[in-house]
Every structure is written in structure tokens, then in C-alpha cells.
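A.B. asks: Once you've looked at the hints, dock chain R against the given chain S.
The listed protein sequences correspond, in order, to chains S and R.
With the first letter of the first sequence counted as 1, position 38 gets the number 176 in our numbering; the numbers rise by one all the way through.
With the first letter of the second sequence counted as 1, position 129 gets the number 813 in our numbering; the numbers rise by one all the way through.
Hints listed in this document are in silico derivations from the structure and should not be mistaken for laboratory results.
Don't be surprised by glycine CBs; every beta carbon is placed ideally from N, CA and C.
Heads up, some of the hints might be wrong.
As the list claims (entries may be wrong) - Where chain R lies over chain S, by a calculated footprint (3+ residues, C-beta under 8 Å):
(1) 169–177
(2) 181–190
Said to hold, decoys possible - Pair by pair, the computed Cβ-Cβ distance ranges are:
(3) S:Ile204 x R:Pro831: 26 to 34 Å
(4) S:Leu149 x R:Val819: 31 to 39 Å
(5) R:Arg730 x S:Ile216: 45 to 53 Å
Stated by the list, open to error - Covered by chain S, per the in silico footprint, the following chain R stretches (three or more residues, Cβ under 8 Å):
(6) 771–783
(7) 787–793
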Amino acid sequence: MITTANVLSYLIAMASAVILGIILRLPLLPDKPMRESWTISVIFPTIIIAIGLFAIINYFKIYNNIYTALLIGIFSAIFSKYLLERAFPKPDLG
Amino acid sequence: MEIIIAIFIAFVLSWVNFVFIDIWMGLPESPGVKGAGAIGKSIEKRGGDLGGGYFSGNIVCSPDASAGTLLASCSYYAFGSPEGGLIAALFVYFGNRICADPGYAGTTGALTATVLIWATSYIGITPYNFIVGMVIAALTIQGLYHPVTSKLIGKMARKMNRKVIQE
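Just chain S, with the same shape it has in the complex:
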């Protein structure tokens, strides 16, 4: 369950993803017009990946503490920067 105590963990997961994403030079926002942009940015999808992964960890109670949240955030930023384009590549729109 999401409780007041683990809302803090979600915030830590998001914050660590954002901070490492900025350090790794991911753009903060997608290019404009945003709804058509394929740019991988800090706001989208790094935060979505961080909270989605932490929700899985939190639900199944696999080490659901703030250190795990920190690690999930770090993993999300690294995944977005280096692995997402390889795992789910942008289609050839031509």
C-alpha cells in the first residue's frame, strides 16, 4: 500500500532519477511540440520508470526502504540514458 511513510520513498526515487538524469545530461523536457517528441528526457519517461519500478518493489515488499528508492532512481536515469533506445528503439517513421 502507498502510505505517508513511503510517499517519501517515491519522492526520493523521483528526486534521485532527476538529479542523476541532469548529471548525465538528459534534457529536462522533451522537444517542442512535446506530444510528438521522441526525446528521452528527465521528466518523461525517467520519472515514470522510477515510480513504476519502485511501485513494483514497494508492492512486493522487496527491500522497500529509502536506500532502495535511491537505487531505483539511479537505475532509472542510467536505463533512460543508455538502455531505453536500445531496448525500445524509435521506429523508422520515413
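C.D. replies: Below, chain R alone, put in the same frame as chain S:
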């Protein structure tokens, strides 16, 4: 709460959630893939609106806010807590990437649906009411009569400044 009233409220909320987010994210503007374009042109040929047709085509071809709302409801129900909605948003995003879609509409739809389900749980509307409501909402757009629904979507899209930009 009486189940029929709960399903009706869930239907209205789901309809508003997915239609407004999908239009806002530009589904009526252009087809994301060739299949969506073919569906849009077929609906136009049968007397419908091209923008509304692209909207229907895009919904069929990738998980947009309609699928996001439905999957968030199912996942919320299965997990029994809002975490289900967050997990659904993550998998909707991956599903979008596989379906040649950047993923904004689906992910936003799943997250807003999660917030709606969580908020309405305090007045006795459960996630399974939302599952039924969303199926009915999708039926009204995709399953009844395309020419009328596509004209309605086209009109709403023009009001929201999301005109067809690619014929």
C-alpha cells in the same frame, strides 16, 4: 453506493479522462502508423470526420489514454492499491514504445485514471466499477456508430485546436 450509479459515474469520468487526454495529445491531428490512417480514411468515406477517424485509428493501433485508463483500472483492481496504477503506467509506456508511439497519451491517461480511482474510492466507487465504465466508454466511441462519434470527436478537436495536419 448503488452499483449502477457507481458504474455510471465511473463511465462519465473514464470517458472525459480518455477523450480529453487523447485529443489534447493530438490523436486527431495525424495517424501514428499506416493502419491508423487507413481506419481514419475508411471512417471518412462512410460519412465521418477525418480527425475523429484518425482518433479511432490511433486508439486501435497503440495503447493511448483509453487503454491507459482501462489498464490502470485493471491493475488497481488486481493489486488492490494505487501502486497498480503506477505499474500500469510503466508498462503502458513500454507498450507504447513497441507500438511506434512516443507514449505521452497512454502514460498520462494511466496516471490520471489512477488519481481518479484513488479519489473516488472515498465515495464508494471501486476499481471494478471503473473497468466496466471504461469498457462502456470505449464502446460509445469505437463500437456504436463511427460517423456520428467521429464528427463529435472532430468537433471537440477543433475546439481544442487539434485540427488534422496530415491528410
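A.B. asks: Decide, hint by hint, whether the structure agrees.
C.D. replies: Evaluation of the provided hints:
Coverage of the stretch 169–177 of chain S by chain R holds in this model, with 6 residues showing a Cβ closer than 8 Å to a Cβ of that chain against a need of three. Residues of the stretch 181–190 of chain S lying with their CB closer than 8 Å to a CB of chain R number 6, which satisfies the three-residue condition for coverage. For the pair Ile204 of chain S and Pro831 of chain R, the beta carbons lie near 55 Å from each other, so the given range of 26 to 34 Å is not met. In this structure, Leu149 of chain S and Val819 of chain R meet the distance hint of 31 to 39 Å, their C-beta atoms being roughly 34 Å apart.
Distance hint check for Arg730 of chain R and Ile216 of chain S: the Cβ-Cβ separation is about 49 Å, which falls inside the suggested range of 45 to 53 Å. With 8 residues carrying a beta carbon less than 8 Å from a beta carbon of chain S, the stretch 771–783 of chain R meets the three-residue requirement, and the given coverage holds. Figure legend: the stretch 787–793 of chain R, annotated as covered by chain S; annotation consistent (4 residues with Cβ-Cβ distances under 8 Å, at least 3 required).
Going down the numbered hints, you'll see the structure goes against just number 3.
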